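Generate coordinates for the entire structure from the input sequences, incorporating the hints supplied.
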Amino acid sequence: MTNSFNEFSRAKMFMVIGSNMTEAHPVAATFLKNALLRGAQLIVVDPRRHKLAKMADLHVPIRVGTDIAFLNALMHVLIAEGWYDKKFVASCTVDFDKLAATVMRYTPEYAADVCGVPMEMIRDTARRIASVKPMMLCYTLGITEHTCGTRNVMSTANLQMLLGNIGVECGGVNPLRGQNNVQGACDMGALPNVFPGYQKVGDMALRAKFEKAWGVDALPAANGLMIPQMMEGLVDGRVRGFYIFGENLANTEPDIRKVEHELASAEFLVCQDIFPTETTRFAHVVLPAAAWSENDGTFTNSERRVNRVRTASAPPGQAKPNWWIFKQIARRFGQQWAADSAQEIWDNEISVLAPQFGGIKYHRLEGDGLQWPCPVEDHPGTCFLHQDGHFTCGLGVFTPCDWTPPAEVPDEQYPLVLSTGRRLAHYHTRTQTGRCEGLNEILGEETADISPADARAKGIAHGETIRVSSRRGQVAVKANLTDEVPAGMVWMAFHFREACANWLTNPVYDDITMTAEYKACAVRIEKIQSDR
Amino acid sequence: MSENVFTLNGNEVDFQPGETILEAARRHDIDIPTLCHLAGATPTGACRICVVEIEGAETLMTACTTPVVKGMRVLTESPRVVETRRTLLELMLAYGNHNCAAGQAGGENWTAYQLKAQEIDGDALCPAWGDCKLQELAFRYQARADRFVLTPDSPPPELANPMIVRDFSRCIRCGRCIQACNEIQVNRAINYGYRGSDLKVVTPGDFPLANSNCVFCGQCVEACPTGALVDSKARYRWRPWKTEKIRTTCPYCGVGCQQWLHVQDGRIVRVTAVEDAQPNQGRLCVKGRYGYDFIYSEDRLKTPLIREGEGFREVSWDEALDLVAERFKEIIAASGPDALAGVSCARSINEDSYQMQKLFRAVFRTNNIDHCART
Ligand code: SF4
Ligand code: FES
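Going down the list, the sequences are from chains A and B. Under our numbering, the residues of the first sequence are numbered 966 to 1497, in order. Under our numbering, the residues of the second sequence are numbered 729 to 1103, in order.
Honestly, I wouldn't trust all of these hints.
Unchecked claim - Computed footprint of chain A on chain B; a stretch qualifies when at least three of its residues, placed anywhere within it, have a C-beta under 8 Å from a C-beta of chain A:
id	segment
1	743–755
2	800–812
3	857–871
4	961–971
5	1009–1016
6	1067–1075
7	1078–1084
To be clear, the hints were calculated from the coordinates, so they are not data collected in a lab. In this text, all values refer to a predicted model and were calculated from it rather than measured experimentally. Don't be surprised by glycine CBs; every beta carbon is placed ideally from N, CA and C.
Next comes the structure, spelled out in structure tokens:
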């Protein structure tokens, strides 16, 4: 996020696109709702008429996967009408011409057709976002989980730069991160192309810096593989040893049958986790780890805030902190790592090696933590990025993007689009929430959320068990008739194994980030004949 | 400086324009008791416990709703104020089931009350014992529970959902839960219903919470000053004098809410929000508040395991780690370091991810390290 949660309740205008905030980021949503009570405006762009959409001044129900066409059309109107921030564009950005050339082709007429919303609604949206400044833009996985995810993200940034809403309080581009420490895992360099602090592995000087710090030579220069490539490597033998720490890939990755085939092909699989999962079934070695609140450490939230995690109780049996396990393996390769606690790892290594964290030390994290960038020890941290139009690399660059449809679109055989997401009471594959007293009582099973119209066409009743199938698999699941879902769409989550949406989802990826298209694939729904 | 000044308990102090008497007093470390006042919500003046005496004013005024005016002379603990507060508290104690020692004096009525309360609660003390604003103020103002006629029976507590117990017999109708629900979390599940002495906090149609808009964020429990709303999972288990509070960060979504873990005998027995903390400012959702006990599940992995045929064999750390190192070394020797790949965890702490990428880069010599940035 370029901005912070504490700005939400003061914001005057929001555009929330591809984010079911009240369920996926409930507390963030409360601040947004507080702003609405104080008179702020809200535009929700989402195929589903979810809770937040019902509270919105304007709900724009675009078709799944048409975000770029919609955003480009907004920019088309803003430029054509001269409603954009000319001063900001002139002084803080480059390549406006290129953007203008691209979006000129996205007339409201054209976008209305692609997005399935009235032309006037697109103009109305443009008018509204141009009339209140700043506007805060929030998005979640509805933007990123597409084959065009990277271009979706760039389009949101283009829009905010065009409106001059970058580098200001209560504005900005704000992706809410799904997992508690996705931000942190990225920051720490658990990525194939960067060291901690986003320092490129391809840069010789940076490699030299890490070689010196780690007391090694010849760190690898070539970018590594991303998860989908690793998984494919298990089958073709390029990857022979696979180490999975804490992820239940067998349920979270698209197309479970394919994933399980890949995991089963692993020559040597190590799983480090707190519970046996569908994934650990394939392991050759399973290492028991300490869980949240069983050891000290830090998480970094969506607003780049580094906060402490503290020990409340001891891990069960012989379970050990993860950092300890990695250290023991390093020792067996002849490397003696000095740090012997999370604090020593942070204070003596991370904060020394990553410039953004230079000023963050454990003793400064006692209260509300610190938001990076925080380069030196007397720096207060950073609430919002790009202040006064100063981008990390000079000027903000417009990157015009063209719309492309999802890889698989409905056809005669599979006439509906399946989109997936999360529900309030559970978290991911329920390895955690499924084991908390009471949460299963609040939500005990998966449903396929469908529109009353589609249900009627198939003679499906509310609560009836139906079959949902795609080219990859099928599940039997209870139908949930709801007006939140538009006709032509099925909506499911992946909290429950049996009816997990990932039996159905499509393993196709964004070229750059390799994020899977969880938000769109083609499915069919049917009654289950009771001849058994 | 002489501009914005008023007199508080005989001392001249400053105030900021628009500030209420309560706010100004708190800033000057004068403690005015409150029950219904909820930070971040519109003051309602419902409970009147914060009354103060203002020179020249005929009636006592509620400090939480009355703005300071220049030159005003305010007394926060005058005999009249104290007497009024005591009476208000005694009326509250008389309505419903307040079986703690608050009503020391105890006539026959009180004993009967204690007995009835025990029928509901078993031998346990009120679940809010020691964390009850009413109890605290009853002691402070020496309120007696037997000065007024006690109201007859109240309905048994609502237990029809897994998270929140509603016990109207302990409700003082201060309305904080309503504000927490409507103004703080904006879930709009509860409001006042019925009138006069029947006044009650209800869902639309007065259905149980389970059949309402309630999302079980538990903000109402956090706001309740008495034992009318309690966390089911902590009821009769959590006792404030036995617990240690440890601050931590929620393990679920990317908001990163700050929590108090209430730890008793080495176990988390309750979770509440850290008031005034960033980013959540005293709020939590259903997962953050109630999703803590998975760590105590019997299913936890407790020993290293090595595959043997279709199953696993329990082994020592040394055996497991030796095998991992040996196999990885073989693979590197035969096929090079890029034949290894690893996935880190987006839920675990920063330090774990740092160590894992260091293991892959500095020890194995491959950049094949990634994590689920995507799901
Ligand atoms: S309490 Fe809820 S909103 Fe806050 S971090 Fe946890 S899961 Fe997210
Ligand atoms: S606290 Fe002021 S009226 Fe209740």
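Out of the numbered hints, which ones does the structure contradict?
When the structure is compared with the hints, numbers 1, 2, 3 and 4 turn out to be violated.
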